[in-house]
Amino acid sequence: MELQGLDIDVVRKGSGQPLLLLHGGGGPIAQMPFADGLAEKFEIIAPTHPGFNGSKIPKHFTRIDDLVYLYLDLLDELDLTDVVLMGFSMGGWAAAEMAVANSSRLSRLILVDSVGVKVGGREDRDIADVFALPGEKLAEIMFHDKSLAPNPADIPDEQLQIVAGNRTALGVYTWDPYMHNPKLPHRLHRIKIPTNFIWGASDGLVTLEYGEKFCAMIDGATMTVITEAGHSPQMEQPDAFVNAVFEVAA
Amino acid sequence: MTDLKTWFFTEDCYPDLPEQNSYESIRVDLPNKYCDPENATRLYNQYLDIWCAADEMGLEIMLNEHHQTATCMVPAAPIMLGILARQTKDARLLILGNPLPNRNQPVRVAEEMALVDVISKGRVEVGFVRSVPYEAAAANILPYRGSERLWESHDLILKAWTTHDGPFNFEGEWYHHRQVNIWPRPYQQPHPPVWITTGSAASTLPVAQHKHVGAIFLAGYSKVRPIFDAYRENYLKLHGEHAPLDRLAYCGLIYVGDDEKTAAEGANKMMWYMQANKVADHWKNPPGYHPPVVSANVLRGAHVSGSGAAYSTDLTEHMRRGNVFAGTPDQVYEQIKAFWEYSGGFGHMLMMGQAGHMTEQETLRSMHLYNSEVYPRLKELAKTWDPEAIMDKRANLADRDHAEITDLAVDFVR
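Chains as they are written, first to last, in the working numbering: chain A, 5 to 254; chain B, 21 to 434.
Hints were generated in silico from the structure; no laboratory data involved. Positions of the beta carbon are idealized from the N, C-alpha and C atoms, including for glycine. Please note that the accuracy of each hint is not assured.
[To be verified] Some, not all, of what chain B presents toward chain A, calculated at C-beta under 10 Å:
no., residue
1, Asp49
2, Ala157
3, Asn160
4, Ile161
5, Tyr164
6, Arg165
7, Glu193
8, Val318
Required output: the full structure, derived from the provided sequences and hints.
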């Protein structure tokens with residue numbers, strides 16, 4: 005669909021309450037089994053962030069708030085109300101910022117292994133530096149079951165170039181300050197809608213401890229932990245993940 | 021009359037490292053516990069002495085900077101430049117270059133260069149580079165659209181150098197500075213000569229447009245023609261005249277020995293530069309530095325070059341490629357002459373003449389032999405240069421299909 009003069013790829017599936025799904029730095033996830041599970045009770049609306057999946061990054065897109073305003077416009081454009089906003093990792097950061105900016109069309113916020121805030125001191129590496137890790141180490145922190153980590157050797161050229169493009173886009177949105185907005189904790193009080201965190205117990209990119217501290221920053225927010233899952237519980241434990249969502253939101 | 025200048029260059033490495041297998045990467049995360057300050061003092065002073073000797077011999081001087089690496093111990097080239105401005109008398113002082121996309125205050129760069137230009141009575145030549153991928157982590161700068169950042173920073177610096185009537189305002193895409201009014205202004209008017217490194221034919225366009233010197237490093241036979249030709253064509257098209265010889269520069273490793281055996285020993289020592297550059301893949305591939313096709317290759321664990329050229333640390337192979345010129349004075353002259361004619365000619369030979377464990381004595385001997393026996397002949401050769409005649413001559417020299425630039429080959433200055 006066209007938004008802000010940009011051609012944005014949006015996957016829509018299922019029917020029911022609208023659920024705006026914002027993917028993380030790995031790229032679009034609406035084709036995964038968990039999304040089909042959610043689609044049984046929700047109408048999934050899943051845009052691809054500009055720069056991901058081979059799409060172009062507009063020259064003026066340089067920070068996370070470019071996504072925030074893009075998707076606030078999306079809500080207006082589709083005239084959606086009573087929306088469940090669900091963000092994963094970097095998409096969770098964008099979702100939290102959206103809820104801070106304007107939650108009038110939102111009824112619930114769900115943050116999954118989300119980045120976006122700093123919880124420790126200036127010398128604490130709250131969020132693993134994904135650009136400074138070798139592939140095998142990255143797989144270790146991202147997955148509970150390391151065997152699920154994609155091996156570049158098995159990925160066809162064209163797909164691997166998309167992966168490389170996704171990495172660039174992730175860099176553009178999150179490079180500095182790294183994966184967080186120092187002002188966000190001072191603004192989270194504006195979030196008045198029910199908020200739920202879902203977290204992979206084995207996440208090494210942003211640990212459960214990080215998630216709990218983030219969760220404590222939003223009044224009344226709850227935390228659901230998915231065991232035997234890393235940074236992407238929706239991928240490693242799709243059934244448990246869908247159940248966790250239904251438990252809080254359906 | 022056309023001339024050829026030679027610029028002596030060393031990266032100022034710290035070669036006394038533990039066994040290479042004991043660390044992952046010589047760049048970015050090699051702990052500085054391996055840097056013994058006493059040893060570093062000795063090395064810095066040795067390198068400065070060598071540069072001063074270059075000045076006394078009549079060679080020009082080139083220096084560069086890198087960060088968080090033992091391959092180049094100069095994280096602030098302008099400081100070295102300032103020392104050399106006082107300690108040398110005649111040499112022109114080329115900094116190649118200031119890594120503009122990684123410096124958030126272009127006006128500060130303009131000030132530093134103007135300051136040294138004034139102290140040296142106008143001997144500074146200012147290079148601007150995008151810098152290599154490993155610099156991204158050290159600078160904490162996203163390298164995406166780095167070339168565009170370079171050119172915006174360039175524009176601000178040139179305006180700062182050439183504006184003399186009080187402050188101007190600059191609010192660009194990346195750089196903002198509302199009251200720009202540098203003191204001092206440069207000694208050279210309107211500003212010091214500007215050099216830009218280029219790694220591809222396409223990137224020569226803005227360099228030719230500004231009539232800046234286009235410099236390439238270890239591009240070898242395979243790349244020198246496409247890049248130099250593109251510069252010359254762009255220059256001719258944009259300005260209606262041939263690019264002067266002094267608009268192009270080539271950097272290679274050069275070692276001259278009294279005899280073949282000594283030359284081979286010296287040149288093999290210099291190959292440390294190729295051998296030492298062990299870099300972890302993730303430092304080679306920060307987000308947005310490479311286009312996705314190259315980045316994907318790095319993710320797969322391949323070397324950055326898409327050419328399929330095997331990475332090599334072999335001296336003969338690098339000589340074959342046109343990256344290294346080594347031998348007796350006669351041999352080195354013939355090697356450079358062949359490459360120079362093949363390339364269509366260039367007015368600046370950037371001589372990387374020291375690396376690794378090469379001693380001061382070995383370095384000075386090679387410099388001396390070059391200066392007394394190779395350099396005069398190259399200057400004679402350059403005198404014969406005519407933009408059309410050399411192209412006629414070159415037409416008889418078929419394109420040589422040698423290995424392309426490897427990732428390492430373009431590393432040290434860009």
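Comparing the hints with the structure gives:
The interface hint given for B/Asp49 is met, as the beta carbon of that residue sits about 8 Å from the closest beta carbon of chain A, less than 10 Å. Evaluation of the B/Ala157 hint against chain A yields a held restraint, the C-beta minimum of about 6 Å falling below 10 Å. Interface hint at B/Asn160: satisfied, since its Cβ lies 6 Å from the closest Cβ of chain A, which is below the 10 Å cut-off. Interface hint at B/Ile161: satisfied, since its Cβ lies 8 Å from the closest Cβ of chain A, which is below the 10 Å cut-off.
Against a cut-off of 10 Å between C-beta atoms, the interface hint on B/Tyr164 holds, since the closest Cβ of chain A lies about 6 Å away. Checking B/Arg165 against chain A: minimum C-beta separation of about 8 Å stays under 10 Å; hint holds. With 10 Å as the threshold, the beta carbon of B/Glu193 comes within range of chain A, its nearest partner Cβ sitting at about 8 Å, so the hint holds. Taken as an interface hint, B/Val318 checks out: its beta carbon lies about 8 Å from the nearest beta carbon of chain A, inside 10 Å.
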